[in-house]
Structure formats: C-alpha cells, structure tokens
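Chemist: Here's the letter readout for the chains.
Protein chains: 2
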Amino acid sequence: MKKLRLFTPGPTMVPEDVMLEIAQPMFHHRTAEYREMAKEIHGLLQYLFQTKAMCLTFTGSGSSAAEAAIVGCCPPGHKALVVRNGKFAERWAKVCATFGIDHTPLDIEWGHGAKVQDISKAMDADPKIDTVIVVHSETSTAALSDVEGIAKLTRDRGAILIVDGITAVGAIPVKMDEWGVDAYITGSQKAMMLPPGLGFAAISDRAWERIDSGKMPTLYNDLKAYRKSMETFDAPYTPNVPLVRGTHYVLRSVKERTLEAIWAETAMLAKGTRAAAEALGLKVYPADPVDSVTAMLVPDSVDEGKLRKTMRGKYGFQIAGGQGDLKGKIIRFSHMGYVDAFDTIGAMAALEFTLKGQGYPVTLGAGVAAAQAVFASAMD
Amino acid sequence: MKKLRLFTPGPTMVPEDVMLEIAQPMFHHRTAEYREMAKEIHGLLQYLFQTKAMCLTFTGSGSSAAEAAIVGCCPPGHKALVVRNGKFAERWAKVCATFGIDHTPLDIEWGHGAKVQDISKAMDADPKIDTVIVVHSETSTAALSDVEGIAKLTRDRGAILIVDGITAVGAIPVKMDEWGVDAYITGSQKAMMLPPGLGFAAISDRAWERIDSGKMPTLYNDLKAYRKSMETFDAPYTPNVPLVRGTHYVLRSVKERTLEAIWAETAMLAKGTRAAAEALGLKVYPADPVDSVTAMLVPDSVDEGKLRKTMRGKYGFQIAGGQGDLKGKIIRFSHMGYVDAFDTIGAMAALEFTLKGQGYPVTLGAGVAAAQAVFASAMD
Numbered sequence: 400m401k402k403l404r405l406f407t408p409g410p411t412m413v414p415e416d417v418m419l420e421i422a423q424p425m426f427h428h429r430t431a432e433y434r435e436m437a438k439e440i441h442g443l444l445q446y447l448f449q450t451k452a453m454c455l456t457f458t459g460s461g462s463s464a465a466e467a468a469i470v471g472c473c474p475p476g477h478k479a480l481v482v483r484n485g486k487f488a489e490r491w492a493k494v495c496a497t498f499g500i501d502h503t504p505l506d507i508e509w510g511h512g513a514k515v516q517d518i519s520k521a522m523d524a525d526p527k528i529d530t531v532i533v534v535h536s537e538t539s540t541a542a543l544s545d546v547e548g549i550a551k552l553t554r555d556r557g558a559i560l561i562v563d564g565i566t567a568v569g570a571i572p573v574k575m576d577e578w579g580v581d582a583y584i585t586g587s588q589k590a591m592m593l594p595p596g597l598g599f600a601a602i603s604d605r606a607w608e609r610i611d612s613g614k615m616p617t618l619y620n621d622l623k624a625y626r627k628s629m630e631t632f633d634a635p636y637t638p639n640v641p642l643v644r645g646t647h648y649v650l651r652s653v654k655e656r657t658l659e660a661i662w663a664e665t666a667m668l669a670k671g672t673r674a675a676a677e678a679l680g681l682k683v684y685p686a687d688p689v690d691s692v693t694a695m696l697v698p699d700s701v702d703e704g705k706l707r708k709t710m711r712g713k714y715g716f717q718i719a720g721g722q723g724d725l726k727g728k729i730i731r732f733s734h735m736g737y738v739d740a741f742d743t744i745g746a747m748a749a750l751e752f753t754l755k756g757q758g759y760p761v762t763l764g765a766g767v768a769a770a771q772a773v774f775a776s777a778m779d
Numbered sequence: 400m401k402k403l404r405l406f407t408p409g410p411t412m413v414p415e416d417v418m419l420e421i422a423q424p425m426f427h428h429r430t431a432e433y434r435e436m437a438k439e440i441h442g443l444l445q446y447l448f449q450t451k452a453m454c455l456t457f458t459g460s461g462s463s464a465a466e467a468a469i470v471g472c473c474p475p476g477h478k479a480l481v482v483r484n485g486k487f488a489e490r491w492a493k494v495c496a497t498f499g500i501d502h503t504p505l506d507i508e509w510g511h512g513a514k515v516q517d518i519s520k521a522m523d524a525d526p527k528i529d530t531v532i533v534v535h536s537e538t539s540t541a542a543l544s545d546v547e548g549i550a551k552l553t554r555d556r557g558a559i560l561i562v563d564g565i566t567a568v569g570a571i572p573v574k575m576d577e578w579g580v581d582a583y584i585t586g587s588q589k590a591m592m593l594p595p596g597l598g599f600a601a602i603s604d605r606a607w608e609r610i611d612s613g614k615m616p617t618l619y620n621d622l623k624a625y626r627k628s629m630e631t632f633d634a635p636y637t638p639n640v641p642l643v644r645g646t647h648y649v650l651r652s653v654k655e656r657t658l659e660a661i662w663a664e665t666a667m668l669a670k671g672t673r674a675a676a677e678a679l680g681l682k683v684y685p686a687d688p689v690d691s692v693t694a695m696l697v698p699d700s701v702d703e704g705k706l707r708k709t710m711r712g713k714y715g716f717q718i719a720g721g722q723g724d725l726k727g728k729i730i731r732f733s734h735m736g737y738v739d740a741f742d743t744i745g746a747m748a749a750l751e752f753t754l755k756g757q758g759y760p761v762t763l764g765a766g767v768a769a770a771q772a773v774f775a776s777a778m779d
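As they're listed, the protein sequences go chains X and Z.
Per the working numbering, the very first residue in the first sequence carries number 400; after that it's consecutive.
Per the working numbering, the very first residue in the second sequence carries number 400; after that it's consecutive.
Just so you know, nobody snuck in bad clues.
From chain Z, some residues computed to sit far from chain X (all C-beta separations above 10 Å):
id, residue
1, Tyr-446
2, Lys-574
3, Ala-686
4, Arg-711
To spell it out: a stretch of chain X is covered by chain Z in this simulated footprint if at least three of its residues, at any positions, have a beta carbon under 8 Å from a beta carbon of chain Z; those stretches are:
id, region
5, 401 to 414
6, 713 to 722
7, 750 to 761
Worth flagging that the hints you see were computed from the coordinates, not collected in a lab.
In this text the structure is predicted, and so the values were computed from the model without any measurement.
Built from N, CA and C at the ideal position, the CB exists for glycine as well.
All chains should be modelled from the sequences, with the hints used to inform the complete structure.
Modeler: This is the structure in structure tokens:
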C-alpha cells in the first residue's frame, strides 16, 4: 500500500475537511449568501496580507492575479524594474514584454534574493524607474528576497512595489501595510491549503492611483472591473464558487491558528529539513534560503530524475526537481500548508532510502535525527 | 497544525477514498443492486478468509459475529474449552457463561499465545470437550496463538474450532480451509480499513452440522437466520448499507493487492516497530508477539497515562494503553490497514520526543533509525 504525500511547492496537500467543504452542494453566486461570504473573505484576506487595502479574488491561478497587478500598475509613461532571479521572476518580465510595458530586467544570480542595494543601484542608474517587481519567495530556487527593505526604499523614492508573494503569503512573515508594499499577490494552491484555481491580490491606495492614471489592453484580468464588483462583494465573471467556499473555510482556520503560529511552524519545518540535508552531506542550494520551500543540490553521483521517480513510485513522496538551468541539479521540498513535522520526518527517511538505493553513502537515520533535533526543541 | 494519526488497534485509519465511497448516496437493500453487491462480497470474503465456506456479514461489531458463532456452535450437550490469555479471550468465556454453555476456561499467562500442547493437555484431561475457542491475535496483549497447529489437533480429535480473528484476518496469515478452522471471525474496523459497524464470520460445513443439531436462545445473532438470507444474498435485518458498500470497495482492493503482499507489509511494520522499541531500551511485552499490533512495556520512570496524552495532544498520534491488569503498564501500536512505513517512522519519532520529555534517556533518532533499517531492506 502506498500513500501519496505531496511535497511539491504547489499544489500542496489539501486537508480532508477542506476537500469536503469544497464538495458541499453548489450554490449560485448572484445571491446574498455569496456576497456575505465574499465580504467575510475580504476581511480575512486583509488579515492574511496584513493590510487595510482592498483584496481581490481572481478566478485563475496566482499568475492571473500577478499579471493583473503588473499590467494595471504599469500603464504607458511608467517604467518597471523587474528583478530576475528565477523562473517565476522571469515570467513577470515576460508579462511586461507581452503588454509592451517599458521595463528593464535586473538579473541576480539564481539562488540569491533581491537585496536593497541591488534595487537602489538599478534605480540610481535609471531615474525613469518608478515601479519595482520582485518575487518574495522565488519558488524555483527557494530563495528569499528582502521585501521589507525594498519596500522602504520604494516608498522613500515614491515608486510602486509589486510583490509576487505566491509562496510567501500565509507561509512566511508578510506585512503589507507595515512594510509599505503596493501590490501583493498569492494563489490558492500553496500555503492556503486549497486546490489550484484562485489568485489573490491586495492593492494599496497608491497603486490604485497609478492604475486609475492610465489604460491598458486587458479585460479578464482588469483590476478596475474587480474593484467595481467589490462595491457589492460580487465578482466580475463567474467565480469558482466551491473554491471560494473553501477559501472562506480555510481563512477562518488560519485566523484562528494565527499567522504567527503558522509562520513559526513553517520556519521549523524548513530548519529541520535544512538540518537533515546537512547531516546527509547535501548542500542547501540557495544562498538566501526561504522557509516555505527547501532546495537541495543533488550530489554528482546521484541521478536526480531517478531519485524523484523512486521517491514517488516506491515511497509515495512527490517532490519537485529544478526548473530551467537547475533541471536535474536540485530537488525541492515544500513546507507550506497541510504538512507537519512527522510528514517531513517521513520525507527525510524516504530521501535517505532513495539516496542509499543509488549507492550514495548514507547512515540511515542521520538526516531524520537532525530534523528530529530541530523539531523536538521547536515543539517543546 | 496537528494531524491526527490513529495507531490504535481498532478503530484504525480509514483511507479517504473509502470514506468517500461510504458517503455515496444511500440505496435500499431490498434491491437487485444490493444483492449483486452482497454476492460479490461473499466471494471476496471467501478470499479474505481463504475458504470455500459460507461467509456472513453482521450488522454489529466483531463481537456480535463472535457471539453468534460461539452460541451457534455450542448447543446443549457440547462442552467448550475457552482459552483465556487476554481481555478478548475473557469475553468469549463470558459469552459461554451468559448463555449457559458448558465450558471450561484454560488460563494461559497474558502475553503468551495458545499452543498445541496446552489444548491437547486440556482435552486429554476432559474428554467431554468437543469445542475449542481461541483468539488468534489477542489484541489486549499483542500475542499470537498457533491456530494452524491447534486446528490440526481439533480436526484429529473431531472437535470444532472457533477462532476470534478480529485483529488477524487481513493482517496476518489466515488460511481457514488449509488449516481446518470451523468458525473464523473478524470485524470491519481493523485490517479491513473500514469504520466500525460490521462483523464477519466464515462458518465451515462441520460447524453448520453442529449448529443444526441443537437450538439456542438467540435471535438477532442467529447464524441460521443469516444462512437463510444468504440464499438470496439478502440480510435478515436491515444491513448497514454504506458500510456494506465500503466492504465491497475495500475487499476488491485487498484482492488486487493480494493478501500475501498485505501480510508481508504488516509483518514489516511490526518488525520495524519492535526494532525501534529495542533500540530505545523498551521491552516488547508479549512472549509470542503478533504482527498486527505491538505492545511495549512502559519503563518504570515513565508515566503511561501522561505518555499517551502527550503522544496524542502534542504530537497527534493516538496509541492504545493496556487493559485489565496491563493498564498503565503497556502501550500498543497498530500495524493494521491504512498505515505505512512512514506513518510508523513518525510514530516512533513522536514516541522518542515523548519519552525524552519525561526525562527518559533517549538518543533522538535511535528508534527511528532501527525501524528505518528494517523498512529499507524490506522495501528493497
């Protein structure tokens, strides 16, 4: 018998009670019942993003919400700096190119997060830059950017900051208003413990001013249409009613557990996983590791494709490989959402079995014990 | 966030797909659809018990099926030998007493299984004994009886053998016809990966002869009524339709996986758990350990009630304590049904955390590594 345990950094595991909530009978969205639910979700999303700003729910993936925010915030006459330090960062540069947005990429070595001085230098070099697009947690490399520091800089310089928080929001500290971020994005299938299908964006008043200052060729992902519908807690296009219901259910439990508790648990899982990697002689790939996902370099003697195939086919743990230049070089374990210390201990045990199966020298239990040491003290 | 992992030796964890199957819309049992399902279940139960005998499904727990078999097989004029080596064995002696069945108890030290010479000696001492009642896997002590050997003896002597296989059937080797057992019993909530609510009994032709030879004061649990209803694959009283549906679903998958594979996996989990116990300096309690559940003696310095409370409340692993004289002295971990190597690794990690929390000397990871060593070679 094999249980499938999803350790991919999205989609992540969904709790049974959430699946059952989603499976409740359909109801129509042009109803008071739906609007009441949407209103409560709005307040809960404000808690999730730690903001008083308007929060929008998109029937689409996180990328739809990100495209909406980028396109909306970059009408003609503005110029964006797009940090490129991974696969997802590259996608936002592509959005700019597709929509003819004036932009300049800022390439940062993969595995590194964006830091204040990188942005500061780039803005100094090009005074036309008035928008910065950065990925908080770059899922492809498992690297963390300094959003708090960058937000302070963009506020000081009067620039708009758009943050892809898809694997950050609900997993690691995100404080939109305190930091001064203008557009924060996430999706349903990561820390929110839901199936894929919804994107979320929190849009600051400063961002709305920018959005209202111009016009862009976008219809389905038009932020203004979403804002208009929020006057009545409605949706501009038919919403995914079951997933909205699931969002309502999940966010209530998130608030009950508190974000601080969730952030601490995610950090613990990451710390334990990194300790396990080290004990097994595997190098954590990113220079600036984020706590929502851990990437490890695969040793030269180990076949990465075979490793993941064994992890899933033989032991039931589905993990992620590398993307782009990192294909075949790294493996990634998620720490988001419905995953706990004992799932993670199991994943490390399966990793040990798999490495050993390929002849990599492993003392069975060494990685697990290192993770256990972290968890034991954190759970005390 | 806490996931609850049920390590009690019944009820055990139920797979999500089984729960969803059970949650399918109700249908009526006086239908061709129900009879078709009951007919297929009958064949699958024959596979489960490894028999060509008639297999009955009771709307009740395993105890209802056991009572039906004992009462039916012991009409006036017969005498039963009831092996008493644990809490469940004691229950079958109580059934005999309640129904005025002529019987003699055979007390065996708890933690030990019944062996051929025990039975042989008792039968030599009392030639009136023509029925033997034995528990295959005594859940309260985690001890295994030699059913194969005892069945050979009872066949040789023309006695009827009734076996409580509640935590044996579907978990450890059970070969009703090959061994020559006359009545084998089980319940839905153990290795069958279903919620509690159904009992099952396989009744040999020899047992039916005995049953037909007398009359006993029983109605709801009357085997004859069940046999009569099987002529049309019907039920004598309203059956638990959703659980019957679940039985159909589960037994199909059991046959697909094969009993041999399931027995091997259960044995592996038990072996790994015993290795973990030994590595942690905990003594496995029974002298004749069974593979469906492991009982460990709690060290003197450790508070058993507190241990189980911590295991469940802090780490989410619900295990069982001792019953009767063993209360406070042992803890028990199930290896039946929907539990795998990685769940078990997690349980051993949680046990280590818990023991350490009570000041018991633990090298974190020592028990887990011992289990891993067993699993790694078994899964290869």
